Amino acid sequence: MVPLSLTKSGEKVVVRSICGTGHLAKTLGQLGIIIGIELTIIQKAKESVIVRIGESRYALGAGAASMVLVEPL
Amino acid sequence: MKEIHILLAGNPNVGKTTLFNSLCGVHQHTGNYPGVTVEIKTGKRQMNDHSIIVSDLPGTYSLSAFTPDEQVARDALLTSGPDAVVQIIDATNIERNLFLTTQLMEIGLPMIIALNMCDLAEEQGITIDADCLEKNLKIPVVRIVARKGEGIEELIKTIIQVSTHKTPAVHRAIEYPHSVTSHISEIGNYLSAHASLLGSLSPYYAAIRLMEGDEHLEKMLHEKGLTIPFIDTSDSAERDGIAEDILLARYKTSEEITTCSVKCTMGRVMPGDLIDQVLTHRLFGIPIFLSCMWFAFQLTFSASNPFLVGIEYIFGYFTDRMNGVDMDPFVRSFLSDGVIGGVGSVLVFVPSIFVLFLLLSILEDTGYLARAAFVMDRLMHSVGLHGRSFIPFLIGFGCNVPAIMATRTLQSRADRIITIITIPFMSCTARLPVYVLFAGVFFGAAAGNVIFFLYVLGIAVAILSALIFRRLVFRDEPSPFIMELPPYRKPSGFAAAVHMWFKGREYLKRAGLIIFGGVIVVWVLATLPAGVEYGSADSLAGIIGQVFQPVFAPLGFNWQLVVGLIFGFIAKEVVVGSLGTLYGGEEMLESSLAADPTLHPVIALAYMVFVLLYLPCVAALGVIRQEMSNWKWTGIAIGWGILVAYVFAFIILHVGSLVIGA
Chain A
80 MVPLSLTKSG EKVVVRSICG TGHLAKTLGQ LGIIIGIELT IIQKAKESVI VRIGESRYAL
140 GAGAASMVLV EPL
Chain B
164 MKEIHILLAG NPNVGKTTLF NSLCGVHQHT GNYPGVTVEI KTGKRQMNDH SIIVSDLPGT
224 YSLSAFTPDE QVARDALLTS GPDAVVQIID ATNIERNLFL TTQLMEIGLP MIIALNMCDL
284 AEEQGITIDA DCLEKNLKIP VVRIVARKGE GIEELIKTII QVSTHKTPAV HRAIEYPHSV
344 TSHISEIGNY LSAHASLLGS LSPYYAAIRL MEGDEHLEKM LHEKGLTIPF IDTSDSAERD
404 GIAEDILLAR YKTSEEITTC SVKCTMGRVM PGDLIDQVLT HRLFGIPIFL SCMWFAFQLT
464 FSASNPFLVG IEYIFGYFTD RMNGVDMDPF VRSFLSDGVI GGVGSVLVFV PSIFVLFLLL
524 SILEDTGYLA RAAFVMDRLM HSVGLHGRSF IPFLIGFGCN VPAIMATRTL QSRADRIITI
584 ITIPFMSCTA RLPVYVLFAG VFFGAAAGNV IFFLYVLGIA VAILSALIFR RLVFRDEPSP
644 FIMELPPYRK PSGFAAAVHM WFKGREYLKR AGLIIFGGVI VVWVLATLPA GVEYGSADSL
704 AGIIGQVFQP VFAPLGFNWQ LVVGLIFGFI AKEVVVGSLG TLYGGEEMLE SSLAADPTLH
764 PVIALAYMVF VLLYLPCVAA LGVIRQEMSN WKWTGIAIGW GILVAYVFAF IILHVGSLVI
824 GA
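Protein sequence lines correspond, in order, to chains A and B.
Here the first sequence stands for residues 80 to 152, where the numbers follow my numbering.
Here the second sequence stands for residues 164 to 825, where the numbers follow my numbering.
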C-alpha cells in the first residue's frame, strides 16, 4: 500500500484505506473516493495528482493525495 | 394565476446556469435569500395559468454543508418549503450525479430529474433508458439539452404536473444495512417526540442527517437541551463507521440504478486524459497558463479598441453639437463638465470590460480554469493560499465583487479570510481607466509596461499579504486541495454571450447610477459656492481636497488628486470621472494634467499604486462585510489595504525621486 502521492502517471490503482477522519475524509467520500474504488492516475506533478474514476476527474493536492492509500492493480 | 416555487439543484458543471437561463430568459434577478444574506438567483417563467418561480441553488455534490455555498443549498432545500425540486443531471455521468439524488429524494419533496446533455451522451455511445430510470427512482425524468433549449417545454409541463399533485412524494428508498436502520429508528423515534423542533424535517430524515454528520442540526438540537440517542452516546469511531455505511449504501443504490438504466454501446474514449496530461504538465503547465492569460489580456484591449473609437466619436459629436447651441452656461457646464467629462471618461472602458468577461466565461466553460487552479495549487500553497483561491483571484481581475463571493467554495474559514483580504489587490477593470490616463500622460510609449507593472505589483502585494497573514495570524496550513475537473466542453458562444451580458450589465448599471451619481456630486461640489471659478481651489471640492491634502502630502498628491481618491471610494472609475470634472472636461483632461506643475511621472506612479492598493469600492466593501460576517475582519481588510497603499506609494515616491534625481 502506498499513498496516492507516490504513484506514477498512467498507473491503475485501487483504494485500500483513507487516513484520517473529519471534513476532508468526508469530502473525499462524497466525491466517490472510497475504499475499493479503482482510480487511474492521469497526471502527477510533484505530489499532486489528477485521478479519474469512471467519467469523473479529480485533482488532489499533496495533502489530500497523501491521505489516500492505494494498491497498484 | 397559481405560483409554483421550484428549486434547481445539481452538481457543479452540469449546465445548471444554462438551464436556468433557458427557463427564465432575462426575467431573473438576484435576491437576498431569507435567513442567510447570501444571494440565490431567482427567475420567473409563465405557462398557461401558472407562474413558475425558479431559484438556482449553488452547485453541490452533497448536502453535507461543509462550505458556505453548500449551506445555502441545504438551507433552501430544508427550510424554504418549495413546491418541487428539479435536479439537473449530466447524462454523460449519471452514476456520479445520482449520489446527490439519493440525498435529495430523502427530503421527501416532489422531484423532477432533468437529464441534461442527452445529445453528448448519445455521441459518446451512452443509451439511457429513461423509463427504467424513472421507475427505479420513482421520480419523473425529462430529457433536455439545455444549451439548445430542447425539452424545456416538456420540463415545464412536468414541473406543473408534479407540483400540483396532491399526494405526498414517495421516492425510492435507499436500502441501508441493519446497523444503520436500527439507529434510524432509535433516533427517529426519539425525535418524533420533539417534532416541533425539526420544522418541516421528518424525524427519520433528521436521524439520517445527524448520522451523516449534519453539525448544524446537531448544534441546534443540543441548544434545545436534547440528548440524542447514539449521536451523544457513542464515540467518534463508531459514528464515522455508521456515516461510512450510509455513504456506501448511497453509492450502492446509485450503482444499481445506473447498471439497469444506462448502457454503453461503444468503447468509451477518453480524449480528455491526453489534454489533461499536457495542460497540467509539471513543467509546461504554468507557461501554458501564463500564455493563455497574456492572450486574454491582449485580446481584451485590442478587441475593444474599435468600440472605444466609436464611443469617443459619439461623445465628441455631442460636444460639438452643444457648442453650436445657445444655452444657459450653468446647464452647459453641467452637460460638458459633468455628464460628458465625467461619465464619458468612464464609459469608454465599458467595451474592454465586456470583452474581459466574455473571455473569462469562455475559459470557464471549456473546463480549463479548473486545470489552471490545479497547476497553480502548488504555487498558491507555498505562499499560504488554497489552490481554489486562484479562481476568485482570476475573477478579481474583472471585478472584485463576484470574486469575493466566489470564496464561498472554500471550506476553511482561515482560507476564506486570507483570500478575501488579498482579492482587492487584484487590479479590477475599474482601476484600469486610472492607469490608462496617468500612464498615457506621464509615461508615453512606456505606458503599457507601467500598466503591466501595476498588475504584477498587485499580485506581489497579494502574495506578501497572504504570507504575512498565514504565518503571523493563522499559523496553520491551507486546507488540502480537492477539486473536480469538469469534462472539456466546446464553449457555447451563446452561453458565453449571455454570461457576459449579465456581468457587463451589472457594470453598466453601476456606470449609470453610482458612477454618474458620484460624478454629479463632484460637479456640484466643484461649482459651489455660487460664483467661484469652476473646479478651482475656492470651490467646495477644492476646500475638501485641501483639508485632506496634508495627509497625502508625504506622497506628493495635490488636492485634485486627493478629491479623486475620496470619491474613488464610490467606484474607482470615479477617480478619473472626478479628475475629468476638476481638470476641465474629458477632452482637456490629458493636456491639463500634463501641464500641471505640481505633478511629475514619479508622483503619477505613486498615485496609480495608491489607487491600485487602497480601499476597495463601496460595492466590494459591502460584499467583504457580508462574506466575513463580522466587522472585525472587515476592518482589518480595509486597514491593511490603506496601510499597504500608503507604504508602497511612499516608497515609490522617494525611491523614484532618488532615481530620477528630482
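Do not rely on the hints blindly, as some may be mistaken.
Simulated restraints, written as ranges between beta carbons of each label pair [stated by the list, open to error]:
| no. | chain 1 | residue 1 | chain 2 | residue 2 | range |
| --- | --- | --- | --- | --- | --- |
| 1 | A | Arg95 | B | Gly271 | 54 to 64 Å |
| 2 | B | Trp664 | A | Leu152 | 22 to 32 Å |
| 3 | A | Cys98 | B | Ser820 | 49 to 59 Å |
| 4 | B | Gly388 | A | Leu152 | 48 to 58 Å |
| 5 | A | Gly115 | B | Glu297 | 23 to 33 Å |
| 6 | A | Leu152 | B | Leu446 | 41 to 51 Å |
| 7 | A | Lys91 | B | Gly188 | 29 to 39 Å |
| 8 | A | Leu85 | B | Ile449 | 48 to 58 Å |
Below, in silico cross-link-like pairs of lysine-lysine (BS3-like), each with a Cα-Cα straight-line distance of 25 Å or less [as the list claims (entries may be wrong)]:
| no. | chain 1 | residue 1 | chain 2 | residue 2 |
| --- | --- | --- | --- | --- |
| 9 | B | Lys382 | B | Lys165 |
| 10 | B | Lys426 | B | Lys415 |
| 11 | A | Lys91 | B | Lys415 |
| 12 | A | Lys91 | B | Lys207 |
| 13 | B | Lys426 | A | Lys105 |
| 14 | B | Lys382 | B | Lys207 |
| 15 | B | Lys415 | A | Lys105 |
Derived from the structure by calculation, the hints contain no laboratory data.
Keep in mind that this is a model prediction, so the values were computed, not measured.
Heads up, the beta-carbon is just placed ideally off N, CA and C, and yes, glycines get one too.
| query | Which of the numbered hints above does this structure break? | reply | 1, 2, 6, 7, 8, 9, 12, 13 and 14
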